[in-house]
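J.: All letters in the sequence shown, in the order written, are residues 1 to 425 by this note's numbering.
In short, the hints are calculated from the structure, not lab data.
Keep in mind it's a predicted model, so treat the numbers as computed, not measured.
Do not rely on the hints blindly, as some may be mistaken.
[As the list claims (entries may be wrong)] Cβ pair distances, simulated, as ranges:
#1 170 with 193: 15 to 25 Å
#2 234 with 365: 27 to 37 Å
#3 295 with 390: 34 to 44 Å
#4 395 with 171: 42 to 52 Å
#5 171 with 222: 44 to 54 Å
[To be verified] Lysine-lysine pairs mimicking BS3-like chemistry, simulated, CA-CA at most 25 Å apart:
#6 269 with 207
#7 204 with 283
#8 255 with 398
#9 222 with 258
#10 269 with 222
The beta-carbon is built from N, C-alpha and C at its ideal position, and this holds for glycine as well.
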Amino acid sequence: MASHPEEHVAAPAQSAVDEVDEKTTTIAEPNGEAPTATTTAPATEPAPAPVQDAAAAAVPATNGEAAVDAKKKPEEAAATDAATDAVVDGAAPAPPEAVAAPVDSAIATETATPTEQQQQPADNATAASNGPVWPELSDDHPLAKMCKDLPELITKADGANEVYGITLDGANPTFHTKLILQKFLRANANDLPKAKEQLVNTLKWRKQMNPLDLVNQTFDKKRFGGLGYVIEVEDVPGSPNKKDVVTFNIYGAVKDNKATFGDLDAFTKWRVAIMEMGIAKLKLNEATTPIPDYGKGVDPYQGIQVHDYLSISFLRQDPHVKVATKETIKMFSNYYPETLSRKLFVNVPALMGWMFTAIKAFLSKETVRKFTVLSSGNQLASQLGDGVPEPYGGKGIKLEEFADTTRWNSEDPPVPAPASPAPAA
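Given only the sequences and the hints, what does the whole structure look like? Please build it.
T.: Next comes the structure, spelled out in structure tokens:
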């Protein structure tokens, strides 16, 4: 793990509280209540029937990663990494020291269109003839209505039509187009007007920010090196997936708050790059299982965030961290719905553990379910299994050597991360 600065990095306590409520994921990558200071994995929603049975940050802790975004939507309101994404980032899908592998394939846009038109139910006419098919939808189903309005929504977004690496097909909504729209509906508790508004705003933002391009850009290693890593962990307890994408935010790696957070534009772009790396690993363009309707099952296409607060002080509040935290929470809450399945805070000082417990009464049960606070890093394995790195109680890879991260200035093009070494017997 990256070495920590001699002097603790300050992380405003208030920022941590502000971060807890993400617009779509409370507790400070856009659901409900505050995390409880326990090591018990939050209960997962039972997997729905056949079709629904399947399988995304945060700003450095020094920024107050545990902030509360009190505007979270009901139930699975945008499961983004916002709320818990305080500017102490350094580790959401944070930038690891290792060179990140290109994610072009993972974020490839959805272009599947049937070669031959086949007779299918109206709901399924959007699926490619040989691709996955979404279950039939009644005309009054929120998703059916959103698909019908999609061409107009794309027009309102000035023609922008990309979300999470998927190109939305307004004329003939594909399976993967519906997958994305379903995330926006779930994030807004099936409130169609709100889901449509969030989609339009997200499309406009992505067109302006161009997050897919940021993944291949280079960043200043002196500012962001060692702050974030992205890995895959197998057999996470309670998960419907064989593998889960886990992003580590190492807040203690921040050596200079001003250098890391002073240039808000640079920090924001780096943070988005890390977030997109995690989303790319979800391989949404290869998804074949529909996402259940709101309240009827878990969304298997989400990532896990781990925020490590080792060597972080919450007693001092740095203005740069405060500003960065606020901006990050807003960004992920608004533009990254349904990207977070769980967020775990490790090496949390007793004071912060108490704060999380105190704000529990003000958060929804969905948020409480998604967030867990652990006083020691080696307790993480009890939540995510042996696949996590050794410092976290597991037998997984070393983040600094094998995890994915952003590219750094003056470096050769990224290469795929080495294969994970076989666990010791």
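J.: Determine for every hint whether it applies to the structure shown.
T.: For each hint, the structure was consulted:
| no. | hint | in the structure |
| --- | --- | --- |
| 1 | 170 with 193: 15 to 25 Å | 18 Å, holds |
| 2 | 234 with 365: 27 to 37 Å | 29 Å, holds |
| 3 | 295 with 390: 34 to 44 Å | 39 Å, holds |
| 4 | 395 with 171: 42 to 52 Å | 49 Å, holds |
| 5 | 171 with 222: 44 to 54 Å | 47 Å, holds |
| 6 | 269 with 207 | 14 Å, holds |
| 7 | 204 with 283 | 23 Å, holds |
| 8 | 255 with 398 | 21 Å, holds |
| 9 | 222 with 258 | 12 Å, holds |
| 10 | 269 with 222 | 15 Å, holds |
Going through the hint list in order, the structure satisfies each hint without exception.
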